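Single-letter residue listing:
Protein chains: 2
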Amino acid sequence: MSTTSTVISPADLLQHWQGHRNLTRRVIEAFPEDKLFNYSIGGMRPFSQLAIEMLGMAVPSLNGVITKTWEKFEDIEITKKENQPTTKQALLEAWDKTTEEINALWPKIDISRFQDVEVAFGLWEGPVYWLIFYNIDNEIHHRGQGYVYLRSLGIEPPPFWER
Amino acid sequence: MSTTSTVISPADLLQHWQGHRNLTRRVIEAFPEDKLFNYSIGGMRPFSQLAIEMLGMAVPSLNGVITKTWEKFEDIEITKKENQPTTKQALLEAWDKTTEEINALWPKIDISRFQDVEVAFGLWEGPVYWLIFYNIDNEIHHRGQGYVYLRSLGIEPPPFWER
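If you read the protein sequences in the order shown, they are chains P and S.
Mapping to my numbering: the first sequence position 85 is 85, numbers consecutive.
Mapping to my numbering: the second sequence position 115 is 1115, numbers consecutive.
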């Protein structure tokens, strides 16, 4: 195979993920402070809780892939109520910290790992590429819900195609 | 490189996309007939229009990648109002037709194409992998909006992780 014979390189996948994360950051910013923590539709979670779920998955997923040791999901710091950001500023700071941690951890994933099967968090079995895409797809899914929250509040969300 | 040294194979990417499309099909099915075509929140489009957008992108994207010739977006049949499904059954049939067409076209994309840059539909420039992920991501994004429509109607959507 030539070096170009690949669907997507690890470096491009990182850029793809961080591009999505950059858009999600702008969706967090677009919420009024109170609505970020209190507003939802149809009994769903407020957007802050959806963003905290994303933060709870991202670095712990990479740590598991790299070390082959998985935290229990309930042991992850940000999943504990007392450790969760309660202001937009604190949530954005947690977001930016995760951005840097992802960038630092990513090069530690050898390309041979992407096809290895792991039982993520001791619960979900699948190849490493699947787990990474689960992080990205779950973020897109919940961010799409955030778009509806914003529209229903009369707020124009950032364009989906800008990353 | 060994044959396993890849983030995701073309075959796995097809399965990933069709897994998402299978979930989206179940979201279409979950809508009551009238709400599929008439219901939305915050001035957004009804879920039928979001699904039709997905159908308008999928096969035309693959045709462009394979032939290097791009239709204008406004020339795509399903983007024309008179060609759009107006019942749930017709939308599901169009969905299933696209499923088969994607499966038939996919093997015609040589792996060397994924890194080639195309100007999709004469408008959007990027590597082929980016265009494929744009299709998938756009579907996840709009489907996430469909989840909010369903929840706001008191309808439980299918689980996100079931594909």
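Please keep in mind that the hints were generated in silico from the structure rather than gathered at the bench.
Small disclaimer: the values here were computed from a predicted structure and weren't measured.
Each residue gets a CB set at the ideal place from its N, CA and C atoms; glycine is no exception.
Heads up, some of the hints might be wrong.
Claimed, not checked - Just some of the chain P residues that point at chain S, by a computed CB distance under 10 angstroms:
| hint | residue |
| --- | --- |
| 1 | L13 |
| 2 | D110 |
| 3 | Y129 |
| 4 | F133 |
| 5 | I136 |
| 6 | I140 |
Unchecked claim - Pairs of lysine to any residue, SDA-like flavour, derived with a Cα cap of 25 angstroms:
| hint | chain 1 | residue 1 | chain 2 | residue 2 |
| --- | --- | --- | --- | --- |
| 7 | S | K1035 | P | K72 |
| 8 | P | K35 | S | M1044 |
| 9 | P | K72 | S | E1162 |
| 10 | P | K88 | S | H1141 |
| 11 | S | K1068 | P | S5 |
| 12 | S | K1035 | P | K88 |
| 13 | S | K1035 | P | I41 |
| 14 | P | K35 | S | Q1115 |
| 15 | S | K1108 | P | S5 |
What the hints assert, rightly or not - Negatives, chain S to chain P, calculated, CB over 12 angstroms:
| hint | residue |
| --- | --- |
| 16 | H1016 |
| 17 | K1080 |
| 18 | G1144 |
Non-conforming hints, listed in increasing numerical order: 7, 12, 14, 16 and 18
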